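Heads up: the sequence lines are chains W and H, in that order.
Residue 729 is where the first sequence ends in our numbering, and the numbering goes up by one at each step.
Residue 339 is where the second sequence ends in our numbering, and the numbering goes up by one at each step.
Hint data in this document are derived by calculation from the structure and do not stem from the laboratory.
No false leads were mixed into what you were given.
With a Cα cut of at most 20 Å, we get these calculated DMTMM-like pairs of lysine to aspartate or glutamate:
1. H/K179 - W/E450
2. W/K382 - H/E302
3. W/K428 - H/D175
4. W/K495 - W/E520
5. W/K729 - W/D686
6. H/K179 - W/D427
7. W/K568 - W/D599
8. W/K568 - W/D551
9. H/K298 - W/E402
10. W/K452 - H/D175
11. H/K298 - W/D427
12. W/K415 - H/D175
13. H/K149 - W/D503
14. W/K415 - W/E450
15. W/K415 - W/D427
16. W/K627 - W/D378
17. W/K581 - W/D547
18. W/K620 - W/E714
19. W/K415 - H/E302
20. H/K149 - W/D537
No experiment lies behind these values; they were computed from the predicted model shown.
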Amino acid sequence: MRFAGLVNKLLVGAALLCAATASAQTIKIGVINTYSGPFATLGDLIDKGFKLYMKQNAAKLPPGVKIELVIRDAGGPNPDKAKQLAQELIVRDKIQILTGVVFTPNAMAIAPLTQEAKLPFFIMNAGTSVITTRSPYIARFSFTLWQSTYPLGAWASRKYKTAYIAVSDFAPGHDSEAGFERGFTEGGGKIVGKVRIPLANPDFVPFMQRAKDARPDVVFSFIPAGRQATQIMKAYGDLGLGKAGVKFIGPGDITTDEELPNMGDLALGVITMHHYSAAATRPANKAFIAAWKKEYGEKSWPSFMSVGAWDAMDAIYYVIREQKGRIDPDRTMALVKQYKNPNSPRGPIAIDPATRDIIQNEYMREVRKVGGQLANVEFETFAQVKDPWKELQKK
Amino acid sequence: MIRRASYGEPARIGWLEWLPWAAALAVFFALPEYVPLGARILVYILFALSLDLILGYAGIITLGHTAFFGLGAYVAGILGAKLGVTDPLLQMAAAAAAAALLGVATGAVILRTRGLTLLMLTLAITAILLEIANKATALTGGADGLSGISVTPILGQFRFDMFGKTAYLYCLLVLFAGWWIVRRIIYSPFGASLVGIRENVVRMHAIGSPAYARLIAVYTISATIAGCAGALLTQTNQFVGLNVLSFEFAGELLVMLVLGGVGRIYGAFVGPLVYMIAQDQLAKQFPEYWYFGIGLLLVAVVLFARGGLLGIADRVVSKFRGERR
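Build the full structure now, drawing on both the sequences and the hints.
See below:
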C-alpha cells in the first residue's frame, strides 16, 4: 500500500506542475465532446468545426487575449461521465465558458452544475427543447428537434394521410415523436403506430418491419445522426418499404451530409426538414465548404454539427470581444441574448432573448443527385423558426 | 513486505495499513482540486473490494457484479428523486438491503453452477437489470439518466457541495467501514474456508464444509457492499446513468482489480487508484486517443505483471531480501 500512496502523490504532483501555467489574458474554455465509441464520428465533426473557426478567425480576438481549450471526451451518451468531467473542468481547471456536448442526456446532467457555478454553457449540438430551461446559464447554437419536426409534421399532413413513427428511445427521440405527431395531427393526419428503438446498438430491421406491417403512407423517424442513420436507411431499403410506396421522412439527422455517400441510392427521394445542408448555395455556406475542404481534404464534408460548433465558437469570440477579454458570467449571458449572425453558413441566426434558444431558418430538403453525388437539396424555407415547444408552452 | 492477507497470518492492523488512510486525508487537505476525482476513486475502491472478496478469495468468477452496484445506485436515486426519501443514510441502508436481497436471491440459483455457466448467468442477470432500467423510463429516466436526485445534508449537518469535500469524507468513512468488514472476514476461519473452496471444492466437501451455504453468504455480503458503493456514487454525483449496469463497467472494474492484484485486500486499493489516475491524466493529455494509453497499460500488466502491481512489489521486495520463490 506504500506504493499506492507514493504513486498517487507523484502523479498528482506532476499533474499540478503541468497545470499551473495560465496567464491573466488567457481565457479557458472547456469542451466536452465525444471522441471515442460508436459515436466518435460526431465528435470529430464538431471538433473540426470549432477548430476551423478558430484557425480562420484568430484576428477577431482582442489583442493579447488568448484562448486555451480544455478538451474532454465523454465517449457518447454518457451522462454521469459528462457530469464528472464538467465538475472537474469547473473545480480543477477553472474554465470560464463551457461548450461542446453532442448528446442531450449529457447536457441535462451538466445543466445544474452550470447554475451552481455560474458558468456560461454554449451548446453545440444537444437538441432537446427542455435543456435550456434547466439553467439560466445555457444558450444553444444548434437546433431543437421541435424546430424541425413540428413544421415537418404540418407539411406532411398536407401530402399524406397516415404516418408511422419510429424514434430512438431517449429525450430527443421523444421530442421528435411529440413534435411530429402534434404537427401531423393538427393538420388532419392520422398516426397509425409508434415504436421506440433502443439507443445503444439497435438492429433496425424488426422495427422497420413493424412500420411496414402498419401500411402507412409515410414513416417518420429520428435516430442520432451518424452511422445509425445509414443502418436505418439500409433496413428501410432491405425490407422494400420504398418499393411498397412508403415514404421515409424525418429531421436532417436521418440524412446527414457526411453519411450520404455511405447510404447510396437508397436515400434518393428521402425528404427531411433541417436547418443546414452542406449542399446549400448561400455564399456564406459556399465559403464555409471551401474553407473546410481546403483544411480537411476534398472528400470531407461538414455536417450540421460542424456548423453548430462553428456558430457557438463565433458567439464565444463575440462575448470575449465585447468584454475585452474579461469574462463575467452574467454579462456574458446578457450579451449572448443579443447575439445575431446574418451570415452563418446555415443562413441568418439569432438567439431568442426570452429562451436563450436559437432562432433560424428551417429548410425542406430532398435527397437528389447533384453532379453525380447525393445531396440534401433545399426546396422550401420556413423563415426564422423559434422553438415551437417553448412557444406552445407559453399558451 | 506486503503480505497476502489471509487466515493464519497475524490479524493485527500493522502500521503500514494505516498509511492509505493517512494518505487519503493528506490528499483532502493538500490537493482540493483533486477531491472530486478522489471521491470517485474511493467509491471504485469499495466496489473493487467487494469484487475481490468473491473473486479473489471465494473464486466466484463474475462479470455481472455491476448488477448490485447499479441496483444500489438506482435504489438510492429513485428514493431521492421520486419518492422523497432524501436522507443519505436511509438511502444507503435501502440500497444495501435491496442489493443484499438480490444477492441472496440470485446467489441461491447461480452459485449451484461453476466456471463458464456461472459467468454467463452473472452476465444474464446484469443484462436483465439493464433492460429493466432502460425500459422503466418513468422510474429510472431510461437512457437519459435519472437526474434531480435530492440528498439532504448528512445527519442534517454536512451538505454535499459542488467541490466534493463532504462527499469525499463521507466516501472515506464508508470505505473504511467496508474495509474493516472485509478484513475481518478474510482473517476469520470463514475467510479461510472460502479460500479452501476456491482451491479445491471437493476436498472442502470431504471435510464437511458447507460450501454452497458459505458461497451464498459471501456473495450476499459482497453484493451488499457493492450496493453501498452504488449508493455512494449516486449521492456524490446526484445523478444515475444506465452505464452503472453496463458490461463495460463490469469489465473495467475487473481490469482495475487485476491491475492491482486479485485475492489480496490491497489489490483492490491499488488497482482503481492507478487506473483512474492514469485515465484522468491520459484523457487530459490526449482527449482524442486516451483509450490507446489505457490499452497499452493493460497489455503491459497482462504481459509483465501477473499478480498485478502488488505482485511486482512482492517480487521486488523478495529479491532485495534474497529470498527464493
